[in-house]
Structure formats: C-alpha cells, structure tokens
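**Q** If you're matching them up, the sequences are chains A and B in order. Residue numbering for the first sequence follows my numbering, starting at 1 and increasing by one per position. Residue numbering for the second sequence follows my numbering, starting at 1 and increasing by one per position.
Where hints are given, some of them may not hold.
Heads up, the list lumps identical chains together, so a pair's fine if it works in one copy or across two of them.
Here are the simulated SDA-like pairs of lysine to any residue, each with C-alpha atoms no more than 20 Å apart in a straight line [as the list claims (entries may be wrong)]:
id, residue 1, residue 2
1, K195, E111
2, K26, T244
3, K350, E64
4, K93, G122
No lab work stands behind these hints, which were simulated from the structure alone.
Number of protein chains: 2
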Amino acid sequence: MKKIISPTFLIDKKKCLQNIKNMALKARRHNLKLSPHFKTHQSAEIGSWFRDFGINSIAVSSVEMANYFAKNGWDDITIAFTVNILETDKINKLAGNISLNLLVESAEVTEFLSNHLTYVTGIFIKIDTGYHRTGLSSENTAEIDKILAIIKSNPKLTFKGFLVHAGHTYFAKDKNEILEIQKKTIVQLSRLKEKYINNWHDLIISYGDTPSCSLSENFQGINEIRPGNFVFYDVMQYHIGSCTTDEIGVAMACPVIAKHPERNEIVIYGGAIHFSKEFITSDNGYKIFGYIVKIENNNWSAPVPDAYLSSVSQEHGIIKMPEKYFYDFNVGDITGILPVHSCLTANLMKNNSIII
Amino acid sequence: MKKIISPTFLIDKKKCLQNIKNMALKARRHNLKLSPHFKTHQSAEIGSWFRDFGINSIAVSSVEMANYFAKNGWDDITIAFTVNILETDKINKLAGNISLNLLVESAEVTEFLSNHLTYVTGIFIKIDTGYHRTGLSSENTAEIDKILAIIKSNPKLTFKGFLVHAGHTYFAKDKNEILEIQKKTIVQLSRLKEKYINNWHDLIISYGDTPSCSLSENFQGINEIRPGNFVFYDVMQYHIGSCTTDEIGVAMACPVIAKHPERNEIVIYGGAIHFSKEFITSDNGYKIFGYIVKIENNNWSAPVPDAYLSSVSQEHGIIKMPEKYFYDFNVGDITGILPVHSCLTANLMKNNSIII
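The shape of chain A in the complex, shown without the other chains (with noise of 0.2 Å):
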C-alpha cells in the first residue's frame, strides 16, 4: 500500500465483493431485480465489481451521475431522484444513448415531459410511503390518475411502475424498527399494485433502502429492490442494525497530530471536509462522528471499544480514547476510522482513496 500522509479514505475490495455478493443472493433468492444504488461510491471501478453478480441496470441521483456512468458503459439507468425539468436537454441526450427513467411525482412535471421529451423514457410515479421527503402519498390516486393519464396520451412515455425509497427505516432504532416500516411500506404497495395492475400489466414496484433490505426476507409484491449504501455499509447502518462492523468496507486513514493525555483525547488530520458532519447520538447523548479502528498491514482491526471520534472541524478531527489505549497512538501514526455515513465520505473523498 501507498505510504498514507494524508487523510485517505480506504476500500476493502473483498468485504464490498462479500456485501454485493449477499445482497445479489438474497435477490436471486426473492426472485427481485437487484438494481443497486450508485451514489453510494460513484466509482466506475468500483461499479465494474457488480457486473459479476449479474448487475446490469442502476441507479443514481443525479443526471450528472447518469451521465458518468453511462460513460462508463452501463446502458440501463434510473435517475431515483424526483426529475428537474431544468435539465431536460441534458435528460434528452442521455435518453438517446441509454434506456433511462426517470422519477415524476406530480401531473405538471409530468406534462412538462411529455412536451420536452425527445426520445422514449421510463416514467416512475415516486410514493411516499411515510419517509415524507418526496413522493405521492399511496393513497393521493387522483394524482396518480392524472400523472397516468398524460403517461397513456403519449407513446414517448413509458409507465415502469411504482417507485419508494423508505428512508425513515435510517432513524429506526433497530431491527425490529426497520421491519415494522417495511412492512407497512409493503401493505401500501401491495394496494397500489392492485388497483394498478389490470391497466398495466408490466408494472414494477420498486424498493429502496439499505436497513430493509439487509435485514427483512419479506418483499412481498416487489419486483426491484435499489439499496446502495450495502457496499460500503457504515457506523450508522451497524447503529441500526442493518450490519456487523465486520461487515463495513471502507475507513478513512488519519494522521494522528497530536494527542492531550489530560483530557484521553487525539487530535487527527481528518476533519467535515473528510467525512463530512453527519453523527450518530449515541444512548448517553453524546455525538460519534466515526468509530476507531487500527490499521495494520493493509487491514483494520475490529473498533477499538468506546473509542470515537467526537467532533470534526474543518479539518480537524478529535478522538475521545479510553486511556488503556491512549498509548497505542502516536503523533505521525496513521489511525483508522470507520465513517459514520459512507455515502457523504466517499463523495468527500473521490480524489483521495485506496482500493486494498
């Protein structure tokens, strides 16, 4: 491995192949179409792994993301992000190379395409099933009707199906949590489904998230499942319950700079413009922003126990280490640190990471 000076986040190429391989499988195993999340790691390289498991169509959040891995030789694509008409020349080209589609949550955008589009689209109508970011509620069906109605007036409009991403299940407090979401999210579709399924034969309901699909084995009624962040998996995913820390692939890799023994405290390079500043609270209310782990010949160990990263700066980071452990770190060593939200450090890091 490179020698490591700097803030450098690192990619275990073999656990991320163990999380694809498992969420491929459990897939195969619910008969679902795996069309994994890419805006988790945003890497051609790492995106070239999924083909292995039989991955061919993704999705992103972006048109910009769209269009880079669609460079990248991934003809099949859905933007899951509510569609912004003001990048309509730039979905129109897209459209003419690749099999695209796109994410519509009113009947004025979706008259808006249906005037702007040049070639055919994949049209998704987003539910919201309770996460309450974007989306029709499952049971607004006089929008859906509508947003149907224009989908049927025009041949460039293909109606793929039903598309949700319960992003409420990332502030559940455990499994248990996650699979009461799920499946309230799963007797909403299955109505939809019904009433939808008549008219239109070929409809899809598709089904985001991470926690849920690592850990439910009921997807009753789906027929995709679009998780993301299961690559790479995080601090926040293992908080939810969602994966060991065994299972997490990726740590960022931190000079240590200084340390203050009266306080059990290490002060790292690393700080929100490295991992950005999300957290968890942990049960005593204090913020984790990272847990610790020690990087040894091009491996990390298991978390050093109650050992966090309690606060970023710019660029600082500082850990709070139990004093048993205070001395295994020194100023000019490199520590570990598994990221709390692996999405928003890998986007951070894209010009500063290793593949081990």
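The hints should help you fit chain B onto chain A, whose structure is shown.
**A** Just chain B, lined up with the frame of chain A:
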C-alpha cells in the same frame, strides 16, 4: 449570468469586497497585521481580491492549500494547523520557495522538525485559551520552555510567536458572550507575552476567529489577526451576532423540484453534498440548514421571514415555507439559500460557483 440548472454557489463580489474592506480598516485602526485565513474560499481568484487592501500574508489549514496559494503568487503563508510530521517532505519543498510558518504544540514534534527541516522555517506555538481542540494551555510554560529551547538551538527554526484560534466563540449565544471569551483570551495571551517578550523581542501574538475579529474593538497586545469566514459570512455568523444577513456574501442557487402544500414544504435539488450537513438549532429546537432568499436579476433578496432549509439528505433539501410565501416558489424556479457554514459549502461547491 449563466442559466442555472443545478445547485450553484453564488458569490457576490461587491459584498465580499466590502467585508474585506471593513476588516482591513479595522486591522489598520488597531495597528494589526491582517493575515486572512484562506480556507474559507480556497480560491486563487477570491484570494486576489485581498491584494488591493494591502494583504500580503495569509493563513491556510493544510499543506495542500499552502501549495495551491504558493503557486498562485502568495509567498508568506502560515499553515495554521498543528504540523503533520508525515508531510515533512512536502513542507521542505514549500519552505524552499516561500516564507513559511508552521504550528507546533509539543516539544516532541518541534524536535522532529528540528531534525528534519531543510530550510529556515517560522514556528508558532499553538495556545489553547479554552476551545480545547488543539494547543497548549497558556499556563503550560514547562512545555513552552522546552519547545523554545529546541527552537533556540537550531537556526533553521525561527520563533514567530504564539497563535490562538478562539473557536469557542462559534458556540457563543450572542455578542456579549463572544466579547467575554475574547477578553479572557486576551488576558491569557498578555501574560504569555509579558513572560517571553524580553527574550523574544519580535514575538507575535496571532489571533483568529471571525466572531471576535468582527465584533471586538479590543485587541490589546495582539499583533496579527487571522479571521477567514468574514469574507463570506454565513447564517451561523449571523446567528451568533457577527454580521447582518445583508453582509452574507454567498448564496446557493438551487432548482425547485417538488412542492408539498399539505405540509408547506418545498423540495430542492441541493443536499448534503452541496451544503454540508452543518446546521444551527433555532430557539424552538428545530434544525436550520440555511435561510431562504429570492434570486432576482443577479442578486438576492433579504431572507424570506420564517422560511428555512429544514433538512438535507445526499442530494435533496427540504424547505419549510410559510403559507403566505408558498406560491412564490414554483417547480422549475431557482431558489436561493444562505448557507449555515460558508467554508464547508464553498469547499463542496469549488467547481460549481459563479461570481456575480
């Protein structure tokens, strides 16, 4: 202005120049050297704006940033970040080309530098006056004396003085608390200066943080100030009283992609990978990720009363918008958002900014 179709960072040059001018005038009034911190903008072009105000020396927070500004004509740079000894080779290359100052907070690291630096380099000792991130307590004169003894024994090391970043002003509730923190800091620095000035006639007291430098008129004993954020300011600075909203020199421009009248929410394309996840907490306990402004004719309005960016996920932002303004923002419009922490937003938006 170029047509905006995706999240874009707008920089109002007129406001920024006024902010620079105000700080330069204050520095002159108090006979202080202004050595602005360029981590806020990380931009050669914005850096060049400071030249007209007689600025010749700057602070940065990484070797990488020092290299960038050195390549862009800055030849007097303080890396205001405790030295990372793993980057000694890079430091040596840089110190051969420009006048470079480093920061230490231990005899151990000073000894390392003494053994490995190849060019004459300035050394500041980092003092912690209560922020408790990095630095030595001003009372820890035993360690300070050890550091000074090492510096004295090696002509390559030039003692520059004591450097403080009173970052705890960022957690202050109001102007009075900021001034109280600064007053206590000045007392500690004065004691240090008194103790060491006889042996080190040229020692500099270098003082940071935008809140104090914006609000205080008491710089007794201080020789140099290194505020950074003031060129842009942001919602956090407004919140603690360092600036007016009118002085905020940057705004994000983001497309409106959906509206949810049933909960007075507007969804924008613009999330954590554009804004960062920095937030302030309102008096009522809710999180604010930005204030909302209207973008009109190369300009933006005062904040829309009671409107705010209430959450951000990777690419989405949710705006809470009072009903009376709800219909002023439509799908396909561009809305403006004053960021909570302009340094982090500027870092994320480096490649998507427009100077207006």
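**Q** Give the relationship of K350 and E64 under a CA distance limit of 20 Å: within one copy only, between copies only, both, or neither.
**A** Both ways: K350 and E64 sit 15 Å apart in one copy and 16 Å across, limit 20 Å.
**Q** Under a CA distance limit of 20 Å, which applies to K93 and G122: within one copy, between copies, both, or neither?
**A** within (15 Å within a copy, 55 Å between copies)
**Q** Measure nothing new, just compare the shortest in-copy and cross-copy C-alpha distances for K195 and E111 to 20 Å and report within, between, both or neither.
**A** Intra 23 Å, inter 75 Å, cutoff 20 Å: neither.
**Q** How would you classify K26 and T244 at a CA-CA limit of 20 Å: within, between, both, or neither?
**A** Within one copy, since 17 Å is at most 20 Å while 55 Å is not.
Figure legend: structure checked against the earlier numbered hints; the only hint not met is number 1.
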